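Enquirer: Each chain, written out:
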Amino acid sequence: MPDQERIPVLETRKLGISFGGLKAVSDFNIQIYQGELVGLIGPNGAGKTTVFNLLTGVYEPTEGTVLLNGVPLNGKKTHQFVAAGIARTFQNIRLFGQMSVIENVKAAFTKDIKYNLLDASLRTKKFRQAEQEMTDKAMELLRIFHLEEAADLPASSLPYGRQRKLEIARALATDMKVLLLDEPAAGMNPTETAELLECINTIRDRFGIAILLIEHDMSLVMNVCERIQVIDYGVTIASGLPEEIASNPRVIAAYLGE
Amino acid sequence: MSTFIQTVIVGLRLGSVYALIALGYTMVYGIIRLINFAHGDFIMVGGYTIIFTVPLALALGLPAWAAVLAAIAVCALVGMGTEIIAYRPVRKKGTNMSALITAIAMSLFLENLAQAIPAIGPNPKVADQMFTAGGFRIGSVTFEYTTVITIVISAVIMVVLYMFTQKTRLGRAMRCVSEDKAAATLMGINVNHTIILTFAIGSALAAVAALMYMAQYPRIYTTLGSDLGIKAFVSAVLGGIGIIPGAVLGGFVVGLFESFTTSYISSSLSDAVVFLILIVVLLLKPAGIMGKNVGEKV
Amino acid sequence: MKNNKTAQGILLNTIVIVVLFALFQALTAAFGGAGSFKLVLVPSLWQCCYLILLAASLNLVLGFLGQLSLGHCGFMAIGAYTAALLSLACERAGVFTDKSGAVYILIIFACILAAGLLAAVTGLLVGIPALRLKGDYLAIITLGFGMIIVNVINNLPFCGQDGLAQGSAAASLYKTGLGFGSKAKVTYLWIALLVTVLCVTLMFMFVRSKYGRAIRAIRDDEIAASASGINVSSYKVLTFTYSAFFAGVAGALYACATSSLSTASFAFTNAGILNSTFVVVMVVLGGMGSLTGSIVAAVIMFFVNYQIANGSWVAALPPFLNGVFKYPMLVYAVVLIVVIIFRPRGIFGTYEFSLINLAGDIRRARVRRAEAKAERKEAKAHA
Numbered sequence: 236m237p238d239q240e241r242i243p244v245l246e247t248r249k250l251g252i253s254f255g256g257l258k259a260v261s262d263f264n265i266q267i268y269q270g271e272l273v274g275l276i277g278p279n280g281a282g283k284t285t286v287f288n289l290l291t292g293v294y295e296p297t298e299g300t301v302l303l304n305g306v307p308l309n310g311k312k313t314h315q316f317v318a319a320g321i322a323r324t325f326q327n328i329r330l331f332g333q334m335s336v337i338e339n340v341k342a343a344f345t346k347d348i349k350y351n352l353l354d355a356s357l358r359t360k361k362f363r364q365a366e367q368e369m370t371d372k373a374m375e376l377l378r379i380f381h382l383e384e385a386a387d388l389p390a391s392s393l394p395y396g397r398q399r400k401l402e403i404a405r406a407l408a409t410d411m412k413v414l415l416l417d418e419p420a421a422g423m424n425p426t427e428t429a430e431l432l433e434c435i436n437t438i439r440d441r442f443g444i445a446i447l448l449i450e451h452d453m454s455l456v457m458n459v460c461e462r463i464q465v466i467d468y469g470v471t472i473a474s475g476l477p478e479e480i481a482s483n484p485r486v487i488a489a490y491l492g493e
Numbered sequence: 445m446s447t448f449i450q451t452v453i454v455g456l457r458l459g460s461v462y463a464l465i466a467l468g469y470t471m472v473y474g475i476i477r478l479i480n481f482a483h484g485d486f487i488m489v490g491g492y493t494i495i496f497t498v499p500l501a502l503a504l505g506l507p508a509w510a511a512v513l514a515a516i517a518v519c520a521l522v523g524m525g526t527e528i529i530a531y532r533p534v535r536k537k538g539t540n541m542s543a544l545i546t547a548i549a550m551s552l553f554l555e556n557l558a559q560a561i562p563a564i565g566p567n568p569k570v571a572d573q574m575f576t577a578g579g580f581r582i583g584s585v586t587f588e589y590t591t592v593i594t595i596v597i598s599a600v601i602m603v604v605l606y607m608f609t610q611k612t613r614l615g616r617a618m619r620c621v622s623e624d625k626a627a628a629t630l631m632g633i634n635v636n637h638t639i640i641l642t643f644a645i646g647s648a649l650a651a652v653a654a655l656m657y658m659a660q661y662p663r664i665y666t667t668l669g670s671d672l673g674i675k676a677f678v679s680a681v682l683g684g685i686g687i688i689p690g691a692v693l694g695g696f697v698v699g700l701f702e703s704f705t706t707s708y709i710s711s712s713l714s715d716a717v718v719f720l721i722l723i724v725v726l727l728l729k730p731a732g733i734m735g736k737n738v739g740e741k742v
Numbered sequence: 377m378k379n380n381k382t383a384q385g386i387l388l389n390t391i392v393i394v395v396l397f398a399l400f401q402a403l404t405a406a407f408g409g410a411g412s413f414k415l416v417l418v419p420s421l422w423q424c425c426y427l428i429l430l431a432a433s434l435n436l437v438l439g440f441l442g443q444l445s446l447g448h449c450g451f452m453a454i455g456a457y458t459a460a461l462l463s464l465a466c467e468r469a470g471v472f473t474d475k476s477g478a479v480y481i482l483i484i485f486a487c488i489l490a491a492g493l494l495a496a497v498t499g500l501l502v503g504i505p506a507l508r509l510k511g512d513y514l515a516i517i518t519l520g521f522g523m524i525i526v527n528v529i530n531n532l533p534f535c536g537q538d539g540l541a542q543g544s545a546a547a548s549l550y551k552t553g554l555g556f557g558s559k560a561k562v563t564y565l566w567i568a569l570l571v572t573v574l575c576v577t578l579m580f581m582f583v584r585s586k587y588g589r590a591i592r593a594i595r596d597d598e599i600a601a602s603a604s605g606i607n608v609s610s611y612k613v614l615t616f617t618y619s620a621f622f623a624g625v626a627g628a629l630y631a632c633a634t635s636s637l638s639t640a641s642f643a644f645t646n647a648g649i650l651n652s653t654f655v656v657v658m659v660v661l662g663g664m665g666s667l668t669g670s671i672v673a674a675v676i677m678f679f680v681n682y683q684i685a686n687g688s689w690v691a692a693l694p695p696f697l698n699g700v701f702k703y704p705m706l707v708y709a710v711v712l713i714v715v716i717i718f719r720p721r722g723i724f725g726t727y728e729f730s731l732i733n734l735a736g737d738i739r740r741a742r743v744r745r746a747e748a749k750a751e752r753k754e755a756k757a758h759a
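Protein chains in written order, with my numbering: chain A, 236 to 493; chain P, 445 to 742; chain B, 377 to 759.
Simulated from the structure, these hints should not be mistaken for laboratory data. On a predicted model such as this, the values are computed, not experimentally measured, just so you know. One thing to keep in mind: the hints can contain errors.
Chain P regions said to be covered by chain B (calculated; three or more residues, Cβ under 8 Å) [what the hints assert, rightly or not]: (1) 524–535; (2) 543–550; (3) 722–732.
Even glycine gets a Cβ: it sits at the ideal position worked out from N, Cα and C.
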């Protein structure tokens, strides 16, 4: 169990959103601590992706707060959420299709590059150093995902499984504290899934980050996540250790239908 | 007071022409999400067709306005041709932006083609009298027949069109295609036919608008389409593009604004005012007065 | 290693440009007084310069940022009028009396810079509200702003509808301000070339930096871009402003190359070639996302237009075809549609020419051609 004295990296308090009177998510509370891998599960249409959109500033919550390291992020835009340290992937992969693989990763470094328009225009030392460092860092990330030899190919030419990996690599490039993965194994075969899980474990250990994972494949989540939170109709119906969740009657009811 | 009422009447007359044109923009936008820049030029096509067929109509013993039937046919053909030759191939493989650029190119093509045709040429042409001249008075306000006819015919067409999209099978098919093309195909709707039908109806409306316009201002020139089209387009966006009642509302709003600016401020400013309204509306309520803001699905 | 390549690239490009320019100067010295050089080639080069700047700058917004702006010539108009008015003001203040000398050259550069800056400020003011919209709506609102800019200029007391004039419709620009005659065009051609090379270089540096990456990311997927920490709206406004700056510079060059200004030249569409639509034609033709393409397309379109306007073959055509060529926009509209249908990515797609990579590009192209040939052979063999 996580140490209760520490501040959670990511915390939400009574987070909720309604679309035209319909409550998509309500009273959503979660605490994620550094180095944890937490699963967010629920049947189709339960509001999992909506939670992600709230956690990344794509939607503005109608109630409640998202806190990163205890700092509230109310009213901030998506790119400010990223700057604060929350990065994500998308359920339906969103890469920069016309750009090369390495450029996809480099684009995510943009916010941390300090040179200005004048440096870029004059190709100053500052510019060249920054670009060089970024290329090195990007290649390093690509190597973790075994994408280094594809660095110069257009991102859209990659096969599906590798596109997913590239998306994760791009998210990692934002230098985040919390990584949100939206159904990373969707559409993958068992071998690809196994490889991906290995990747996820590697990056967690290596970068010491917290990961929140959406999945609706229960068995997958049970195997890798330390804690699981289950939502249905936008409401948390259970949260706890995998084995507790597996035997929780409300979860079983939600998944099998009442 | 009578100036005020007169201004309102002029606004309604202008508005009903804009509304007719705006309907064409809105119907096409609703179904393929494309601003058909060439739509304005369909009015120009209709206008010239009317000019060239009026002698024919008179020779047949018909009233001059019967020439609109030929214009409707020609405009519908041009509209369908534009869709088949230019828009469909681009839609198949291009992005939204390339479709939009194609539409701009189509507009330029029609305008410049008209100028290159010797019988038309770059100089304006003057049309015959379309409807009986004269009017009647109620109190101190004059109602010209042309104005009354314009407003009444436009109103009838709008109601018929609305009934068509709501009550008939084809109308329902059109609404289905605009909601979701893939699902419409699964329901057995021929998407391409529906789109072509939309173009035909929208362009036919442009022909009627041409008649209404010429009844009031019997002068046709090749860039007429751009001038009228842009205001009608503003109307469509103002009301909420893709929404039929929205186009009508937008048309009247633009017509009234224009007529009031002309009679109370300055006629040279009326265009700028129309654009200013557009910019303000787009910035405050991008989906238009009757539209709903729909965010991109993540 | 990469750093080395940057330095090498700069060196190589500089050498090539200097050599080309020296060659050109030698040619000027040799043929400077000759008629067709002075009356055809030099004015053509002036025109090419501002067309290149226009196309390349719009490409930043259209091809790299992926936003359709239909009011680009509005910014050019601002540049042109700024440069012209400033030069007239200097003349009237007695800063220069005849069109020569170091002071005059300084004033030309000051005018060009001022033109770019004022256009950029306008770009910023238009971009902040307009870029909140996307796609079709952005196209329309930029079209609207373009029209408003032209309308405002028309209604300014000192600009006027019939051309830039003081009191009368006389082309005072030509006599007293910028506005070069054919002799001055030859003398100051180096300014046009220098400014163009400089601006194109700046644009290249822009797209090959974090800025270029960020805006191409925005073009490919706006939501993913903001989820990657890119401040979408500020990069959009920055690019729009930057693009407006170069459009303004293009306007200043235009003001130098013409005898009087009229806002009709900067409309959304008109009978000539200086209009926002024509700029879109050049960008699409060359390739959205290729500055090289924009440059080549600008030169090609200039040449085509020149031929249509002046070629003796046009007059020799049968009357109806001849009539077609009287309205060049008709031809360009067809070109645009054909290009979009058959080569939607333009001539160059997103390819960029680079001296230092030239050898590699040729080798790769050869390999590709060989592969294609082999494939065709194989297909034939199968058949």
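Enquirer: It remains to establish, for every hint, whether it holds in the given structure.
Expert: Status of the hints after comparison with the structure:
| no. | hint | verdict |
| --- | --- | --- |
| 1 | 524–535 | holds (count 3) |
| 2 | 543–550 | holds (count 6) |
| 3 | 722–732 | holds (count 5) |
Checked against the numbered hints listed earlier, the structure breaks none of them; every hint is satisfied.
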